[in-house]
Amino acid sequence: MPYSIAIIEDDPAIGANYADALKAHGYAVELHADRKSAMAALQARLPDLVLLDIGLAGEPDAGFEICRKLRSQSATLPIIFLTARDNEFDMVSGLRLGADDYVTKTVSLPHLLARIAALFRRAELGSAAASGEDVLARGALLMDLKRFAVTWNDKPVDLTLTEFWLVHALARFPGHVKNREQLMTEAHIVVDDSTITSHIKRMRRKFVAIDAGFDRIDTVYGMGYRWKADT
Amino acid sequence: MHKLPRIGLRGRLVLVALILLIIPWAGYSYIKATEQLLREQQERQLMAAARAVAAALHDRPRLATLREESPDGEAARAEVRALVTGIARAGLRIWMIDNRLQLIAVAGDISDGAQVSSDDATFGIVERTVRAALRPLLARWLDAPDLPAEEFIPNDVVFGGREVERALDGAPSIKRRPGPGGSAPIVTATHPVWVGETVVGATVVEESTAAAVSFRDRAIERLIAVTLIAFGAAALVLLVFASRISIRLRRLRDEAERAIDSRGHVRALVTGGDARDEIGDLSRSFSLALTRLADYNAYLEDLARRLAHELRTPIAVVRSSLDNLRMKKLPEDATVYVDRAEGGLQRLDTVLTRMAEASRLEQAVRTGERERYDATAVVAGCVAGYATAYPATRFDLKLPRHPVMINGAPDLFAQMLDKLVANAVDFAADGSAVEIRLEMRGTTAVLSVSNRGARLPENLRLFESMQSARGTPTQGTIQGHDIHLGLGLYIVRLIAEFHRGRARAENLADGSGVRFSVEIPTLVVD
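Protein chains in written order, with my numbering: chain W, 1 to 231; chain A, 1 to 526.
Just so you know, these hints were derived from the structure itself, not from any lab. Just so you know, not all the hints are guaranteed correct.
[Said to hold, decoys possible] If you anchor each label on the Cβ, the simulated ranges turn out as follows: (1) 59/W - 333/A: 41 to 47 angstroms; (2) 75/W - 347/A: 38 to 44 angstroms; (3) 253/A - 13/W: 52 to 58 angstroms; (4) 228/W - 431/A: 34 to 40 angstroms; (5) 314/A - 45/W: 28 to 34 angstroms; (6) 45/W - 363/A: 37 to 43 angstroms; (7) 139/W - 398/A: 37 to 43 angstroms.
[Said to hold, decoys possible] Below, a list of computed lysine-lysine pairs in the DSS-like style, where the Cα atoms sit at most 27 angstroms apart: (8) 32/A - 175/A; (9) 69/W - 36/W; (10) 23/W - 36/W; (11) 328/A - 23/W; (12) 23/W - 329/A; (13) 419/A - 201/W.
[Stated by the list, open to error] Computed from the model, here is a short list of chain A residues facing chain W with C-beta under 7 angstroms: (14) 309; (15) 317; (16) 324; (17) 378.
Because the structure is a prediction, the values reported are computed rather than measured. For every residue, glycine included, the Cβ atom is placed at its ideal position computed from N, Cα and C.
Make the full structure from the sequences, and use the hints.
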C-alpha cells in the first residue's frame with residue numbers, strides 16, 4: 001500500500017502541483033485547503049506524512065495549531081512545514097511544535113521529494129537495528145544514515161532532517177571546513193545562507209543540552225564550519 | 001542667512017513696551033498747561049497787587065510834592081515808604097518811582113521767595129535719582145532765558161525799562177525777566193500812580209516765580225520717575241511672559257529638529273503636549289505629522305520584507321510547475337525554455353532573498369545575543385577565506401599583535417566584514433589591492449577597508465537602505481553577485497550599531513580611493 005501524504009495548502013496551484021508530483025512518485029495524496037476540513041479529515045484518519053502550510057486562508061497561524069494537534073495525536077507522524085515565510089521566528093516556532101522539517105515554498109520538487117523519502121525511511125526503520133555500513137561513527141558521535149538518528153555519548157540527539165544532513169556533511173570529513181554553499185547543497189537547503197547560522201546554533205544547543213562540554217562544531221569565520229576531529 | 005538682524009520674540013515685546021513712553025509725553029503737556037495756569041494766576045495777582053498799591057497812592061495830594069526837597073516832600077516820601085513797606089512781604093518786592101525815574105521807596109526782597117524742600121520724594125530712590133540726574137538738564141532746558149540780556153536789571157539800580165516808561169505814560173503792564181544768577185524768572189507788574197490827570201509815578205511789584213518753577217520741576221521729576229517705574233514693571237512682565245513663550249518655542253524647535261534622526265527614525269514630541277494654547281496646538285500637529293511620517297517609514301521598511309513574502313507564493317507556483325514539467329517527457333527543444341525559465345526564476349529568488357536579508361538581519365540584531373570575542377581572530381579567519389572567494393583580488397591585511405576583545409556577535413561581525421570587502425572588491429581598480437586594517441585608537445577598535453578607485457559620490461546616503469552608488473543592475477547574472485539593492489552598507493551600519501559603534505565612509509586623503517571604517521568600543525580589560 002502506498003504511503004499517504006496530506007497536503008494542507010491554501011494556494012490551489014501549489015497544492016495541485018505538489019499533489020501531482022507526489023502522485024507521480026507513487027504516493028497517495030489528499031489535499032486540504034483550510035484548517036476545518038483538514039482537521040476533520042486528519043482526525044478521521046492520520047496520513048503517513050503531513051505537508052503543512054503555516055498561513056491558511058484568513059488564519060495566519062493555522063499551521064502551527066494543526067501541527068500542535070497532530071503532534072498530540074501522534075508523536076511519530078512526520079510533519080514538514082512548507083511556507084512562504086522564511087524568518088527565523090517562524091522557523092523556530094514550527095520546529096518547537098515538533099515539526100520534523102521546515103522548508104520554504106521555493107524549494108524545488110526534487111529536494112522536497114528527497115526530504116519526504118528520507119522521513120519515510122526514518123519512520124520505516126525507526127525500530128530496526130542499524131547495520132554497519134549505514135553508520136557514521138566519529139568518537140562519541142554515532143549517525144545512523146538509514147534511520148536519520150543521531151546519538152552522542154549513546155544518548156539520542158533529536159535533530160530535524162535538515163540538521164541531520166548538516167551534521168552529516170560536517171562530520172563526514174572531520175577537520176575540513178565546509179562553507180555555507182557546500183552545506184546548503186549537502187543538506188538540500190535552498191533558503192539563503194544566513195539561515196545556516198541559525199541552524200548551526202540550534203544544532204550546537206541540542207548537543208550542549210546533552211553534553212555541556214560539547215564544542216565539536218567549530219565556526220571558521222569567513223569560511224564556514226567544521227567538525228573538530230578527536231584530539 | 002538673514003541680512004537683517006534677528007529680533008527675538010522678547011525683543012519685539014520690549015519694543016512694544018515703548019508705547020508706554022506716551023505717558024511722559026502726556027504728562028509733560030499736562031504739566032506745561034498747569035504751569036501756564038499758575039503763571040497767569042501769579043501775573044493776575046501781581047497786577048492786582050500793583051493796582052492796589054497804585055490805588056492806595058492815587059490822588060494823594062502830597063504826592064505832588066514827592067520830588068520836592070521840602071518837609072512836605074520828605075513827608076510824602078515817608079508816607080509812600082510806610083505804605084509800600086506795609087504791603088511788601090517776603091518774596092514780594094514793591095518799588096515806587098516818580099515820573100523822573102527817581103526811586104522813592106522800595107521794600108521787600110524777592111530772594112526770600114518760598115523755598116521748597118526738595119527732599120520729600122514720593123517715589124523714593126527712583127525719584128531722588130531722577131532728580132539728581134535731571135536737575136542740570138531741566139535748568140538748561142526749561143529756564144532758557146526768553147528775554148534779551150539788556151533788560152536784566154540789578155537789584156539796587158533804578159531801571160528805566162520800557163514797562164516803566166509805559167507806566168509813566170499811564171498804561172499798566174506785566175513782564176517776566178530772568179532772575180539774577182540764573183535763578184527762577186521774576187515777574188514784574190507795573191502800574192501808574194495818578195494824581196488827577198497826571199502820572200506822578202509808578203509802582204513796580206516784583207515776585208519770583210521760584211515756587212511755580214519748583215512745582216513744575218518736581219512734577220516733571222515725579223512724572224519721569226513714575227514713567228520709569230511703570231516702564232520697568234511693564235517691560236519686566238512682558239519679558240517674563242515673552243521668555244516663557246520663547247523658551248517653549250525653542251524647546252519645541254529643538255525637539256522637532258531632533259525628532260527625526262539621521263536614520264529616519266521618528267520620535268514623538270513632548271513639549272507642550274497638553275498645553276491648551278497655540279504652542280500646544282503646534283506641538284500636537286507636529287506630533288501628528290511625525291506619527292504619520294513614522295507610520296510611512298515603518299511601511300516602507302516593511303515593504304521589502306512583505307514584498308519578498310508575497311512574491312514567494314507565485315514563485316513557488318512557477319517552480320513547482322516547472323519541476324512537474326521536467327518529470328514529463330519533453331521534446332528536446334522544449335527543455336531549453338524550461339532551463340531559461342528556471343534561470344530567470346533563480347534570479348528572481350535571489351533578489352527576493354536579498355530584499356528579505358536586511359529585514360531578517362534587523363530582526364537578528366534586535367534579538368541578537370552578545371558574547372565576548374576577539375575581533376582579530378575573526379578578521380584573520382575571514383580574510384583567509386576571501387583569498388578563495390575573490391581569487392582575482394589581492395588583500396593587504398594589517399592586524400594588531402594583541403587580541404581585540406569586543407562585545408557582540410562574531411557571526412554578524414564577519415557578515416559586516418563580508419559586506420565591506422564585497423563592496424571594496426567591486427569598486428577596486430583593476431590590479432589594486434584591497435587594504436583591510438584592524439587597529440586600536442584609545443579604547444576604540446577601528447576596522448577599515450579601503451580600495452583604490454572611484455571617489456565617493458556626493459550626497460548619497462550610503463548607509464541607508466536601498467541606496468547604491470552603482471548603476472541600475474540591468475546586467476545582473478544568475479549567480480546574483482551583480483544584483484545590488486544597496487543593502488550591503490545598510491547591513492554594515494546595522495551591525496556596527498549592534499556593536500554600539502558606527503560606520504563611516506570617506507575618500508582617501510590623496511583622493512586615490514575610498515575607505516569604509518567601523519569604529520567599535522572595546523571591552524575594558526579588568
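Checked hints:
A hinted range of 41 to 47 angstroms holds for the C-beta pair residue 59/W and residue 333/A, which are about 45 angstroms apart. A hinted range of 38 to 44 angstroms holds for the C-beta pair residue 75/W and residue 347/A, which are about 42 angstroms apart. Between residue 253/A and residue 13/W, the C-beta spacing of about 56 angstroms keeps the proposed range 52 to 58 angstroms intact. In this structure the supplied range 34 to 40 angstroms holds for residue 228/W paired with residue 431/A, their Cβ-Cβ distance being about 39 angstroms.
Range check, residue 314/A to residue 45/W: about 33 angstroms between beta-carbon atoms, so the 28 to 34 angstroms window is met. At roughly 39 angstroms, the beta carbons of residue 45/W and residue 363/A sit within the given window of 37 to 43 angstroms. With their beta carbons about 39 angstroms apart, residue 139/W and residue 398/A fall inside the hinted range of 37 to 43 angstroms. With a CA separation close to 19 angstroms, the supplied pair residue 32/A and residue 175/A stays within the 27 angstroms bound.
Of the pairs offered as hints, the one joining residue 69/W and residue 36/W holds, with about 12 angstroms between alpha carbons and a cut-off of 27 angstroms not exceeded. A threshold of 27 angstroms between alpha carbons decides the hint, and for residue 23/W with residue 36/W the separation of about 24 angstroms falls inside it, so the pair holds. With a CA separation close to 13 angstroms, the supplied pair residue 328/A and residue 23/W stays within the 27 angstroms bound. Between residue 23/W and residue 329/A, the direct Cα distance comes to roughly 16 angstroms. Compliance with the 27 angstroms bound is thereby established for this hinted pair.
Taken as a hint, the residue 419/A and residue 201/W pair is honoured in the structure, with Cα atoms around 22 angstroms apart against an allowance of 27 angstroms. Because the closest C-beta pair between residue 309/A and chain W is about 6 angstroms apart, less than 7 angstroms, the hint holds. Using the Cβ-Cβ criterion of 7 angstroms, the hint placing residue 317/A at the interface with chain W is satisfied: the shortest such distance is roughly 4 angstroms. A distance limit of 7 angstroms between C-beta atoms decides the matter here; for residue 324/A the minimum to chain W is near 5 angstroms, and the interface restraint holds.
A distance limit of 7 angstroms between C-beta atoms decides the matter here; for residue 378/A the minimum to chain W is near 4 angstroms, and the interface restraint holds.
Checked against the numbered hints above, the structure breaks none of them.
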